[in-house]
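Student: Sequence lines, in order, name chains X and P. Residues 1390 to 1527, numbered by this note's numbering, are exactly what the first sequence covers, in order. Residues 22 to 102, numbered by this note's numbering, are exactly what the second sequence covers, in order.
No lab work stands behind these hints, which were simulated from the structure alone. A hint or two may mislead.
[Claimed, not checked] Chain P stretches covered by chain X per the calculated footprint, using a threshold of three residues with CB under 8 Å from any CB of chain X:
(1) 45 to 55
(2) 91 to 102
[Said to hold, decoys possible] Below, a list of computed lysine-lysine pairs in the DSSO-like style, where the Cα atoms sit at most 30 Å apart:
(3) X:K1503 x P:K62
(4) X:K1511 x X:K1445
(5) P:K62 x P:K88
(6) X:K1445 x P:K88
(7) P:K62 x X:K1511
From a predicted model like this one, the values you see are computed outputs, not experimental measurements. Ideal placement from N, C-alpha and C gives every residue a C-beta, glycine not left out.
Okay, here's what each chain looks like letter by letter:
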Amino acid sequence: MIRLTRDAIDYHELTESVRRPGCGAVVTFLGTVRDLTGDQVTVALDYEAYPGMAEKKMAEIEADTRSRWPVGDISMIHRLGRLEIGEISVAVAVSCPHRAQAFEACRHAIDRLKELVPIWKKENSADGRTEWVHPQPS
Amino acid sequence: MTVHVHLFARFRDAFGTDAISVELPSNANVAGLRSAVAAMKGEIAALLQRSQVAVNGEFADENVILKPTDEIALIPPVSGG
């Protein structure tokens, strides 16, 4: 399941959605809004997406992850709009027969999502400044 | 020909709108679009250099030829997650 949402992410429901009798391992990753980036105090993040392409890229990541690990099911959801500190911005849940596969598959999916999916965050700082985050290649 | 280009994040803020029309010679490619957009607003030239161009929902190489009916978007470095 691939989804962009403006509502709070129900990670319990997301985790349940991938559970399968043949899968002895479920890994759920949650990305949450952090209050500090370096020495910069963040009060909120605004997320926006290029919707059609973001969903298409997420679907490609799902297919790629399924081709590399014996995935029972995988769900990826990303939140859009204004998020306060501690809120969940992204969640990825993966089930596999065994735990090593599930950890690796989940790590792969969230890493690719952060690298490829056209979604952007704007940092709203405590001093009132706002800035879109466009990372330099590392 | 005129192409319509979707803008997001810092590009949208810089232009003050979520889409722009760009005049290009017919058979212009992605590289030509980059030059034209940079000429419209010099302050985004550096960001544009490290951004990608999406054509019909796919990241496009510099030599892809554009058509007026293409869905085109500037994709600055992403920061989801």
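Student: Run through the hints listed earlier and report the numbers of any the structure violates, in increasing order.
Tutor: 1
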